[in-house]
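J.: Each chain, written out:
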Amino acid sequence: MDPGTVLAVHSYKGGTGKTIISTNLAAILSREGRNVCLIDLDLRAPSLDKTFGVEGEKFWVNDFLDGECEPSDILFDVSTGRGLKGRLLVALANPSMEAIRATVASDRKGEMRALRRLLALRDHLLKKLAMDYIILDTSPGLSYASINAVAVADLMLVVATWDASDLAGAQGMVGELYSMLEKRAIVLMNKIPRQLLINGSTKRRLADQFKKAFKLPVVDLIPCYCEVLRQERSTIMAFERPKHPFSRTLTGVAKRIEESEGLSAGGPP
Amino acid sequence: MLIRMEKKIDLIIRSLGKGRSTQGAEEVKGAGVLDIMTLLSLPDHLRRTALTLIKLGRAMAEDVAKETGRARAIESAYLNQLVRMEYARRERVGKRVYFTVEENVGGRRRGS
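Line by line, the protein sequences are chains X and B. For the numbering used here, add 29 to where a residue sits in the first sequence, where the first one is 1. For the numbering used here, add 3 to where a residue sits in the second sequence, where the first one is 1.
Next comes chain B alone, as it looks inside the complex (with noise of 0.2 Å):
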């Protein structure tokens, strides 16, 4: 039942984001590479849960809630956000959806 309900406020959360921005928060989409200069851009509650997905690695919305102690729609809400922002990406995996940063990482230029 539960279950049931969270996956319609995913459902009602994704149409609604689909006509607007959360929050009034500018979506721009990025090169996909969340680095510490571009969290410092985002939007504090955006930051927020991109630095704890970061921390996290791969997660679902219930477990960055857990991190940032908010309710787990706001931030199935503003996961979805980055993902459209092309920062993150979203995997279902049976009923359950996980979110991971790009992994899109080159590195650092060695001397010769």
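The following block holds chain X by itself, in its conformation from the complex (with noise of 0.2 Å):
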């Protein structure tokens, strides 16, 4: 039995904030005292880069994903300064015009390696750094290296909007990929309108409503906080505004991935 999890966040159609959950999930859990890393997969449209400006960087996950480096030429601590009980690792994903050419214009026999160097990747991660959880910031829909990571996941944490067409979305990739591939799933959903969550009680009755669509337990509802929008991407809302309610919320959700995964929640590593 491996001794972390590998969590990945993913969704239907991009823009539902898969990379601040990502983040900001990572730095809560290390935050409470887990050793975290964060992969950006988003290869398409890498972002995490801006989050995390660290110096001198040699190797790109790309790189790693294509046998050029090993894993530790491609990991970075960034914990320092930060105040966590745990380790923060980042593995940052080339945002380069270039890079991204080539990530479109991989082959099979490509993505097949990368498949391959990704599980090795967790195998490094959890069994030799003893990482407790991986988190994989994908990207969206069903790409290669998104279908890689669910591979990879031990459990997907699926972000969705109030938005038909990414409902219907993520619930075929719910309902047909992900039982295909054998995962466990729970979904969080982001970017609702406030009018909708006026009391606990419309809450309550629309997340019913959520889990009864997609036959999955849902963490969460996140109403659409305009000032996390308009946050710098260099802001990590749990780690600058903790008290704010999108970073409470999100602490909620940490809690429930920690007991869904046996740890206990807050609790010493």
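The set of hints was computed from the structure by calculation and includes no laboratory data. Virtual Cβ for every residue (Gly too), placed ideally from N, Cα, C.
Derived contacts from chain B toward chain X, CB cut-off under 10 Å, selection only: (1) Leu37; (2) Asp38; (3) Leu42; (4) Leu43.
In the SDA-like style, the derived pairs of lysine to any residue whose C-alpha atoms are separated by at most 20 Å in a straight line are: (5) B/Lys58 - X/Arg145; (6) B/Lys69 - X/Asp152; (7) X/Lys240 - X/Gly201.
Hey, can you piece these two chains together into the complex? The hints should help.
T.: Rendered as structure tokens:
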């Protein structure tokens, strides 16, 4: 049995908030004492480099998947100076146009190797570096990279929004892809119009409806916070505004994940 | 004794496999590229075996059976089916039979 959990944050459509949710979950879990590695697997639209501008990076996730370097070459420890009880490592995707072009042009053989390298990276992080969580920030929909991420994950966190096509697509992903690959999954609804969450009972009713639609646990419903969307990419809400309702909601989501993975929430690692 | 029995089971499964495909799965020869899209197109029972083999890299039927929780003889049959479909390679080392995913691996086309 693997010692830790690989959590893939996935959605059907883009712009659902996967990256901000992945980053903040990684921040919260490492603050609570877990060892976390956050990996940018959105190779077609990388963005974690804007949040974690690590100095002197030599290699990217892309290079590792291509077999050009070792896991240690792409991992950067960003724990220092953040007052964390655990470790926070990041692996960034190359944002250059050349790298994105190479990803788009990747062939089946290249993607087969990427899957095997991803499995090797999982082993390295969980077994050699004793990470408690690997959080994969995936690309949306059904691309090679995102399906590879699903194959490697233990638990899927589906981020969906109040949008009919997004909901229908996400339901299809859950019902077909995740079940074919025998994955456990939970749903987090994001950017819900505030008028739909006016009180506890309407929120519960809505959560029940989503639960029935997905046939999966719905961990929470996050309202659309304009101020969160306006924040610069470099801002990590959980670190800079831990009392903001968005940060508090994600702290609750992290607790639910810890409970489902059998780790005591908020307890010592 | 146990090894001899396992060998026999292997032989029986292989000879049965020559006559018909396992569990009615359509046995289509692949191009040796077991990527995720190919995995998704495989029938459920083979997908689980193939994914486990990718995860393990090089494994005996017994190793795959430990991961999937199915019988060794069943996994042996499925692995041999993957070999016939040209997605995996079979290699005998002494009394042991190892399976690996075809190494016919290319790469990403780099931009100029």
